[in-house]
Amino acid sequence: MTRYSVFAVAREALRWHSGWERAWKSPAPKKKYDVVIVGAGGHGLATAYYLGKNHGIRNVAVIEKGWLGGGNTGRNTTIIRSNYLQDPSAAIYEKARSLYENLSQDLNYNVMFSPRGLLMLAQTHHEVRGYRRTVYANNLQGVTTEWIEPAKVKELVPIMNIEGPRYPVLGALYQARGGTARHDAVAWGYARACSAMGMDIIQQCEVTGVRTLNGQVQGIDTTRGAIDCAKLAIVVAGHSSVLAEMSGFRLPIESMALQALVSEPIKPCMDVVVMANTVHGYMSQSDKGEMVIGGGTDGFNNYTQRGSWQHVEETTRALIETFPMLSRLKMLRQWGGIVDMTGDRSPILSKTSVGGIFVNCGWGTGGFKAIPGSGWAMAELVAKGEPGPLAAEFGLDRFKEGRFIDESVAAGVAH
Amino acid sequence: MLTLTCPHCGIRAEETELSPGGEAHLKRYGPGDSDEQFEAYMFARKNPKGVHFERWRHAYGCGKWFLAARCTATLEVFGTYPAQVSAPPEPIIEAIRARRPGWEAGQ
Ligand SMILES: Cc1cc2nc3c(=O)[nH]c(=O)nc-3n(C[C@H](O)[C@H](O)[C@H](O)COP(=O)(O)OP(=O)(O)OC[C@H]3O[C@@H](n4cnc5c(N)ncnc54)[C@H](O)[C@@H]3O)c2cc1C
Ligand SMILES: [Zn+2]
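These protein sequence lines are chains P and G, in that order.
Quick note on numbering: the UniProt record's numbering labels position 320 of the first sequence as 320, and the sequence is numbered without any gaps.
Quick note on numbering: the UniProt record's numbering labels position 33 of the second sequence as 33, and the sequence is numbered without any gaps.
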């Protein structure tokens with residue numbers, strides 16, 4: 001892999017850019033790998049990367065039915081934050097956020113991490129109490145957040161109407177080092193680094209079956225033939241239940257559509273991320289100038305990767321009260337992704353009832369922010385066969401034991 | 001937009017008039033059963049990519065619960081039926097088989 005640098009740009013400029021290599025290779029699958037990872041989204045690729053980097057396991061394949069980053073990783077609104085409520089969540093999300101800070105340098109790939117600051121608006125008294133509590137919890141956890149008053153909100157976001165008749169802004173939970181990153185660059189950067197370590201990223205290859213013998217994984221069947229493996233990591237977000245069915249177990253997951261939309265590009269008008277959980281909407285401005293808008297999930301099981309009209313209407317209607325200028329914007333595009341929802345709105349990083357099979361799923365509406373931390377923790381789980389401190393609380397056992405990590409309040413709305 | 005016919009009042013209701021209630025025909029477990037059975041009842045879900053039996057409430061209509069058979073991969077609706085049954089009735093099964101020849105009940 002040639003490193004990207006200012007010198008490389010200068011060198012290539014002098015020879016008509018003829019020397020750039022492909023960012024990753026597209027090899028044919030081998031017969032056997034030490035570890036096979038299903039799903040080349042951010043979480044699958046980050047798992048592969050830290051398996052190689054932290055644990056020296058490089059005989060790894062990442063199998064993807066479509067194109068890498070084409071699932072939720074390439075469909076999300078890219079909000080990064082770690083202001084969750086419970087200690088295990090704070091640990092893994094803050095690990096992820098702090099890894100994002102240097103991810104471009106680590107991967108030698110510009111993921112455009114932009115810690116521009118993030119506001120979660122309190123628009124009811126209930127939310128004021130909830131977010132003040134979150135600030136106290138965050139401060140104990142070592143996550144820097146603060147409570148800010150409406151005047152400060154207005155100063156940070158001049159285009160906001162804080163006196164809305166129905167839901168006035170009563171303050172906000174502010175995380176100054178929250179922000180956004182370029183979603184596909186995260187997938188591409190990890191893929192390039194994995195490929196450089198000699199790992200195989202195999203796209204256009206759907207896993208159609210999981211082979212087990214005496215409760216131990218043997219390998220997988222794919223549209224490009226059978227592949228044997230000693231360990232299998234299932235990291236397929238909305239398709240987790242489908243892979244679980246192939247492996248012979250069930251998960252506490254339901255797949256639902258979550259959608260987002262972007263406006264026509266306009267001049268810079270908002271340089272922070274705003275989430276408004278009461279009215280179910282969140283928004284940031286992309287580098288291209290589009291207002292990136294997301295709302296809530298559909299409530300029913302769905303695999304169609306489409307949105308629905310009433311949610312577009314609900315989301316924009318809600319945001320227009322708080323951002324009156326939005327009413328003049330045309331919406332350019334709208335799309336959906338299939339998110340993997342758990343009952344406690346927390347992820348699952350776990351061993352399973354089949355030896356050698358591990359799952360990483362349940363990130364639901366909010367897993368983009370977690371990609372580096374999740375990959376870090378998952379690599380440790382797969383390499384050692386037991387969870388390390390970051391993953392320990394996120395096992396499947398918690399559903400049997402009633403030991404939930406309840407983030408339904410902190411997750412609030414989809415993001 | 002998803003449209004389901006309420007089997008109680010006969011109205012063709014669209015999504016915004018209905019509340020989804022998750023997987024139908026779950027077997028209830030409770031005191032005296034094993035932890036595994038209770039966990040499976042509470043949390044483990046089929047969540048299939050394909051034919052799904054599910055609960056709905058005609059929330060902004062007659063207010064009653066009913067069940068629907070629907071394909072989660074295409075949003076095609078095979079039929080709806082009252083909730084007072086523990087398994088999908090035969091006409092619903094036939095409607096699914098007509099559209100999904102390889103499909104097995106119990107899947
Ligand atoms: C509209 C929307 C907005 C969102 N906004 C945010 C946000 O602002 N902030 C945030 O933190 N999170 C957000 N999320 C959530 C976030 O996108 C996801 O949690 C995260 O991207 C999940 O990554 P993943 O790698 O687990 O899954 P994915 O990126 O979905 O990757 C899974 C991959 O598995 C592949 N696959 C599935 N089945 C098979 C098979 N049988 N064989 C081979 N491959 C298979 C799929 O093709 C897919 O590429 C949002 C999600 C959506 C849909
Ligand atoms: Zn009715």
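Quick caveat, the hints were computed from the structure, so don't treat them as lab data.
Incorrect hints may have been included.
Said to hold, decoys possible - Examples of chain G residues lying across from chain P (beta carbon under 10 Å, computed):
1) Ile11
2) Glu15
3) Gly21
4) Pro48
5) Thr74
6) Gly79
7) Tyr81
Just so you know, even glycine gets a beta-carbon here, dropped at the ideal spot from N, CA and C.
Against the structure, test the hints numbered earlier, and report the numbers of the ones violated in rising order. 1, 6 and 7
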